[in-house]
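Residue numbers (our numbering), protein chains in the order written: chain A, 1 to 83; chain H, 101 to 183.
There's no promise every hint is true.
[Stated by the list, open to error] Straight-line alpha carbon distances no greater than 30 Å define the calculated DSS-like cross-link-like pairs of lysine-lysine that follow: (1) A:Lys10 / A:Lys61; (2) H:Lys161 / A:Lys61; (3) H:Lys110 / A:Lys75; (4) H:Lys110 / H:Lys161.
[Claimed, not checked] Here are some of the chain H residues that sit facing chain A, going by a computed Cβ distance under 7 Å: (5) Gln117; (6) Glu134; (7) Asp145.
[What the hints assert, rightly or not] Where chain H lies over chain A, by a calculated footprint (3+ residues, C-beta under 8 Å): (8) 21-29; (9) 66-74.
Hints are computed from structural coordinates only; laboratory data are not their basis. All values reported here derive from a predicted model rather than from experimental measurement. Quick reminder that beta carbons are idealized off the backbone N, C-alpha and C, glycines included.
So the chains spell out like this:
There are 2 protein chains.
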Amino acid sequence: MNVRILVRLKPGVLDPQGRAVHHALEGLGFDSVEDVRIGRMIDMDVADGTSDEALTTMCEKLLANMVIEDFTIEKLDSEKEPA
Amino acid sequence: MNVRILVRLKPGVLDPQGRAVHHALEGLGFDSVEDVRIGRMIDMDVADGTSDEALTTMCEKLLANMVIEDFTIEKLDSEKEPA
Numbered sequence: 001m002n003v004r005i006l007v008r009l010k011p012g013v014l015d016p017q018g019r020a021v022h023h024a025l026e027g028l029g030f031d032s033v034e035d036v037r038i039g040r041m042i043d044m045d046v047a048d049g050t051s052d053e054a055l056t057t058m059c060e061k062l063l064a065n066m067v068i069e070d071f072t073i074e075k076l077d078s079e080k081e082p083a
Numbered sequence: 101m102n103v104r105i106l107v108r109l110k111p112g113v114l115d116p117q118g119r120a121v122h123h124a125l126e127g128l129g130f131d132s133v134e135d136v137r138i139g140r141m142i143d144m145d146v147a148d149g150t151s152d153e154a155l156t157t158m159c160e161k162l163l164a165n166m167v168i169e170d171f172t173i174e175k176l177d178s179e180k181e182p183a
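Use the sequences and the hints to build the structure in full.
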């Protein structure tokens, strides 16, 4: 099972990396960009029986810093394998 | 317009960060994890008229290292605003 975990800074937490990228995009002439926030994507292959609780625990214990970050778990059901 | 850009290492490129996370998850007792790859997520607010070409150029020029990374552009049409 393919799982994508997205970790992003909570709203209100300063994102210097995003601000730097925003500034750099403006420097390159991309004036249509209004805001940039940068987060992490964690692509995992996990055994099919893995529970949502286990995935949540992984995020809370290791993958995200719950003080300043939120996470989203997206299950990418392998559409290539119909059976 | 909200745009999410996902930047990931190309297949075959070594991902030491992903390997370290995989190892750490195993150390915490999560044996169901088979593979971990880590990438970046860039959430951007851009003006509504921004073209796909402009977004692609942003990725190629700044957001992704095309030698070792691939990128995906996902337009998250703001579902909260019906009109």
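(request) Take the C-alpha atoms of Lys110 of chain H and Lys161 of chain H, compute the straight-line distance between them, and say whether it is at most 30 Å. (result) Holds. Lys110 of chain H to Lys161 of chain H sits at ~17 Å (cutoff 30 Å).
(request) Given the hint that Lys161 of chain H pairs with Lys61 of chain A, test it: the Cα-Cα distance must not exceed 30 Å. (result) Distance of about 35 Å is beyond 30 Å: violated.
(message) Using the nearest Cβ pair, does Gln117 of chain H come within less than 7 Å of chain A?
(response) Result: violated, 9 Å to nearest chain A Cβ.
(request) Given the hint that Lys110 of chain H pairs with Lys75 of chain A, test it: the Cα-Cα distance must not exceed 30 Å. (result) holds (21 Å)
(request) Tell me if chain H covers the region 21-29 of chain A under the three-residue, 8 Å CB rule, please? (result) holds (count 4)
(message) The hint names Asp145 of chain H as touching chain A; please verify it with the least Cβ-Cβ distance against 7 Å.
(response) With a closest approach of 4 Å, the Asp145 of chain H hint holds.
(request) Count residues of the region 66-74 of chain A with a Cβ under 8 Å from any Cβ of chain H, then say if the count reaches three. (result) It is violated, with 0 qualifying residues against the three required.
(request) Classify the hint on Glu134 of chain H as holds or violated, based on whether any CB of chain A lies nearer than 7 Å to its CB. (result) Hint holds; Glu134 of chain H Cβ to chain A Cβ min 4 Å, cut 7 Å.
(message) Would the hint linking Lys10 of chain A and Lys61 of chain A be met if the CA-CA limit is 30 Å?
(response) holds (17 Å)
Taken one by one, the earlier hints fail for this structure at numbers 2, 5, 9, listed in ascending order.
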